[in-house]
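Add chain X to chain P, keeping to what the hints say.
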Amino acid sequence: MEKNFKQVENAFRQKLQEVSEMKELEDIKVQFLGKKGELAQFMKQLKELSNEKKAEIGKGVNRLKVLFQEKIDLHREELKQQDYKQRMQKEWIDVTTDPYQTEPGSWHPVSLVQQKLEDSFMAMGFQVLDGPHIETEYYNFEALNIAAHHPARDMQDTFYFEDGHLLRTHTSPIQIRGMEKLTPPLRIVGPGKVFRCERTDASHDSCFHQFEGMMIDKDISVAHLIYFMKTMLGEIFESDVEVRLRPGYFPFVEPGFELDMRCLLCGGKGCKFCKKVGWIELIGCGMVHPNVLKAGRIDPTVYSGFAFGIGMDRLAMMKYDITDIRPLHGGNLSFTRCFAVQ
Amino acid sequence: MKISLNWIKDFVQIDEKLTSKELVEKITLSVCEVEGFEETGEHLTQVIVAEVTAIDPHPDANKLSLVSVNTGAVETRVVCGASNFKLGDKVPYAGLGTRLTGDFLIKKATIRGVESEGMLCAEDELGFSEDHDGLMILPAESKTGDTLADLFPDQIDVIMEIDNKSITHRPDLWGHYGFARELGAVFRVPVEKMEPHPEILKGTGDPLIEVEVLAGDLVPRFTGISVDQVGVLPSPLYIQHRLTRVGLRPINNMVDLTNYVMLELGQPMHAFDAEQIEGKRLTVRLADEGTKVMTLYQKEVTLGTSDMTICDANGASVVAGVIGGLNTGVTAETRAVFLEAANWDPTGIRKTSTRIGLRTDACQRFEKALDPEMTDLAVQRAVELMKLTNPDLHVAGDLVDIKNRLYDPVRIETTTDFICLRLGKQIDKDEIRDILVHLGFDVRGEGSELIVDVPSYRRTKDVSIPEDLVEEIGRIHGFNNITPQAPLFPIQRPVFNQQHRFEQKIRNVLSDNGYHEVYNYPLTNQKSEEGFGMDSEGVMRLLNPVAEHQNQMRRSLLPHFVQTMKENQKNTLSFGVFELGRIYHKSCSGELLEPSRLVMGGSEKGGSLGDTFFRLKNDIIKLLSKLQVADIKWTAIADAEKRFFQHNQISATIYSGRQKLGELFAFTPEFMDQYELKGDVCVADLSFDVLFSIEKKEYRYQEPPKYPAVNFEVSLLMPEQTYFEDIREIIAAASPLVTKVSFLDTFLPEEHAGKKSMSVSIEFRSAKKTLNPDDITPLQDKIVAVLAEAGYYLRDSREKE
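Top line first, the protein sequences correspond to chains P and X. Using the numbering used here, the first residue of the first sequence is number 1, and each one after it goes up by one. Using the numbering used here, the first residue of the second sequence is number 1001, and each one after it goes up by one.
The following block holds chain P by itself, in its conformation from the complex (with noise of 0.2 Å):
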């Protein structure tokens, strides 16, 4: 008897090593372990024999069960193991290679800057407001202190319409609008496009884009001015920008200035970019004038504010080192697929 288990188990172990697929794994499960399998004969003789031997044989068989079991789960794992390597191994791709190639699609490069001002001024608490391309000449000039005969209201600088509208020269109508709208303490910005009678170059063009912003309240300074500038500027250049205020002139607020930036590129230094001047010119405002105040219904006794519009055109020109205002529009693909990253 020794004997023969001796054998089944050579025999097992024999078959076992040849195994190299499930089918025959489980083909030896069912030789060995199955119902009429080579253990299930040994048990089949059991009732000839003496109960002393019965037990031999029994614990025998049990020991030999075990065994193969043990033996057939640990085969049936590896052939597992070799079996996913080898599907893996027949996946192959070539990785480096891009066959769908859908490209990355862009915002235009105003509308980045667009966004990024909105951006900041609404987490400033900025309500943000739109207005009519085409306009009448109180918004554009009456209501904002422009004189009936100011040379700005000559055709040479204002595209009139045949029924006396006129296309906004500049993005100051908003703050009219929104002064009619909204009730002081108020706080507005107003993006869009503008047009000018130009001919076009590399820094002009007849239609451009400007960002307005007005901030009325009691006792509201030029200090304030200079702080939300500052910010501004700081935002969308994303560092910390040192400003000068030089007096300029715009009708619709009192005083007016130019706001310079220190150049970035330079330092200030003075280079190519700066015109050697180390200062760049950018943003247009001042105190609003009381008789804009007086126009927008609000009481310039009482409240005072600042206001201020800037180029966005400029600004995107400057930061994403566009040299000619004539590709932003158009709709070049070879300009606009600048500003996705490729």
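Simulated from the structure, these hints should not be mistaken for lab results. There is no bait here: all hints are sound.
Away from chain P, derived, C-beta distances all over 12 Å, residues of chain X:
1) Lys-1017
2) Thr-1076
3) Pro-1139
4) Ile-1239
5) Ile-1251
6) Met-1294
7) Asp-1392
8) Ile-1402
9) Glu-1431
10) Glu-1530
11) Thr-1653
12) Asn-1772
Now the in silico label distances, taken between C-beta atoms and shown as ranges:
13) P:Thr-301 <-> X:Glu-1022: 34 to 44 Å
14) X:Lys-1570 <-> P:Asp-94: 30 to 40 Å
15) X:Glu-1022 <-> P:Asp-201: 32 to 42 Å
In silico BS3-like links for lysine-lysine, alpha-carbon gap of 30 Å or less:
16) X:Lys-1633 <-> X:Lys-1505
17) P:Lys-272 <-> P:Lys-193
18) P:Lys-276 <-> X:Lys-1165
19) X:Lys-1021 <-> X:Lys-1002
20) X:Lys-1429 <-> P:Lys-218
21) X:Lys-1527 <-> P:Lys-193
22) P:Lys-294 <-> X:Lys-1165
23) P:Lys-230 <-> X:Lys-1021
24) P:Lys-276 <-> X:Lys-1009
25) P:Lys-319 <-> X:Lys-1021
26) P:Lys-218 <-> X:Lys-1461
27) P:Lys-230 <-> P:Lys-294
28) X:Lys-1626 <-> P:Lys-193
29) X:Lys-1617 <-> X:Lys-1755
30) P:Lys-116 <-> X:Lys-1622
31) P:Lys-47 <-> P:Lys-71
32) P:Lys-193 <-> X:Lys-1660
33) P:Lys-272 <-> X:Lys-1026
34) X:Lys-1461 <-> X:Lys-1009
35) X:Lys-1696 <-> P:Lys-193
36) X:Lys-1165 <-> P:Lys-193
37) X:Lys-1026 <-> P:Lys-275
Note that the Cβ used here is the ideal one computed from N, Cα and C, for glycine as well.
For chain X alone, kept in the frame of chain P given last:
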């Protein structure tokens, strides 16, 4: 405009330690914009007065000579190409190592075999003028050995270029004296007063030229005087040099001195040849229609009834405030002049100058609203200066001075507190008063109270309200001395611009899906709109377009957008672009409308136009989902609504519920040809306004269905051009238990010519129970029946699951 620092220094002392750069910065920060500056004449300290002692011919060149000069210390010989001098003349000598204008270094040179020890200079080489016709001959009384800087000290100067646009509101800054006054305030130093000295203008009785001013409201003041015994001569050298430095060409004393007064005081003047004034009488009046004037520039201009003229008995001789006339102008033979300094209505001058297309120094000043109270001062200054060249000059006849409309006095009452509050900085009361006084304001009042009388030169339009004084104090004190300060503001409920947020969402979704945002001009022309079938109904046309192709507002984004696609196809065929923008038109009721549109375009290399359509459609579906626009339906554009450029088969209208959102379509092959479009192109034209305003589907949690769904697939035979949507509607209407109808596929079975087989999957589900075969079988039968009724028969059917 060019401004000379030396000229300013005639009236005000400026700290010599200040560098030009610092001074320019002061002016920029406190007064107006200086575009640039130039330090002139420094090289003259090295150029020496030399006397010509010998002139010998060059041995090897006819046009050159060898000139020996005495430079005071030594005798040197130079090779010279000029011939306008003689023995004993004093000429400028630049020795070796001298650096002239334009960084021109004098080195030892051998010219045609003869060594030259330096150079004798022409005016242009020294920066006196553009003249290169010969050597500069120095005054005979010049001392040999002196430097030219000793001889012409005024020539060492700083010339600043002022940005004219930055002083349009400051009539007082159109002359040097105005700048002197400003610097006096900036540095708090006294400024030389320009005061009337009536004795200078004292004449000998009645004016020789009589003046009559008609249309007086357009001529606030007219001042003039006759002088005789004048000789038309060159101006004194320093005056010639000064004029040259600030960009004017010296002509003769009469012309130069009127120019000089204009540049000094800002008051333009005109000198008439008094003997040429026909009838010895000038009439100032509006021109008759078609009046012709021969100007000093020898060009005839034609005037209209709103142009002001000065006329003599021969008619209009001067375009007032703009340009003098040839007939009464000063010539070399002039013996007596009538000097005029007037003040004109600014708007009228600007209009006249625009109409006749002449921008002179005079009209540039008059249109700024000059101070009428300086005309007599200007005449006085001119006479004073003329006496420099004509000591015998004789004032003949009394001053003519017609005052019609001077500007009203302006008094501003405010407080120093107000000024400090507006600036956001505490400035000392005394400093505020001091600044105002230095600027020429008359200041009274106790403590914080300010009663300020505005001087005549600041009240023509510039200063009238307390805020104007805030500017005066701020700029002189220095705006940059103000510390930025965050305002105190109550926290308010934020109000977002939902439309902008919506735009932002669209930009995000589309750029995430590979589309590039483009901007096109809102201006277009009728021809390009006609190409898309638009007549001129409701168009907004410009009165004054800059270009023919941009003479009206666009009424559709498509024309430019298609152009953009075409242009890009030259470089690449496979791309997606979009534009968000306004279109403009006038409604039938005359209302101006600016609706916003969204256009998207896809271009592919070519192969399947349908694929391009479906790719765009899929992107639109993703966009609408992100925008929470629900209940989307796509239908083929009805023939009646189809426009001529839209593809007969590949064009769809997109609805949300019953609201039309827009269209997605391909172009007809003919249109593609005509617009030179290549490959496969589809575009969508959507109404941003509808997308934005339509009711949005909010996100809502729904419990997962309690009971399972049963799927049923059918394959139907139908004419090839049958839309799935039609089939879907029939099935969906058959029973409320139909919860979903999906398209699976189509193919063309060989055994049924002209038909296609479409497979659809139908989902049944009840919210109340698990559907069993007893429920399903009748349902299936019903669906098959309604389809059959509509003419769609089963190819075969089978139940799934």
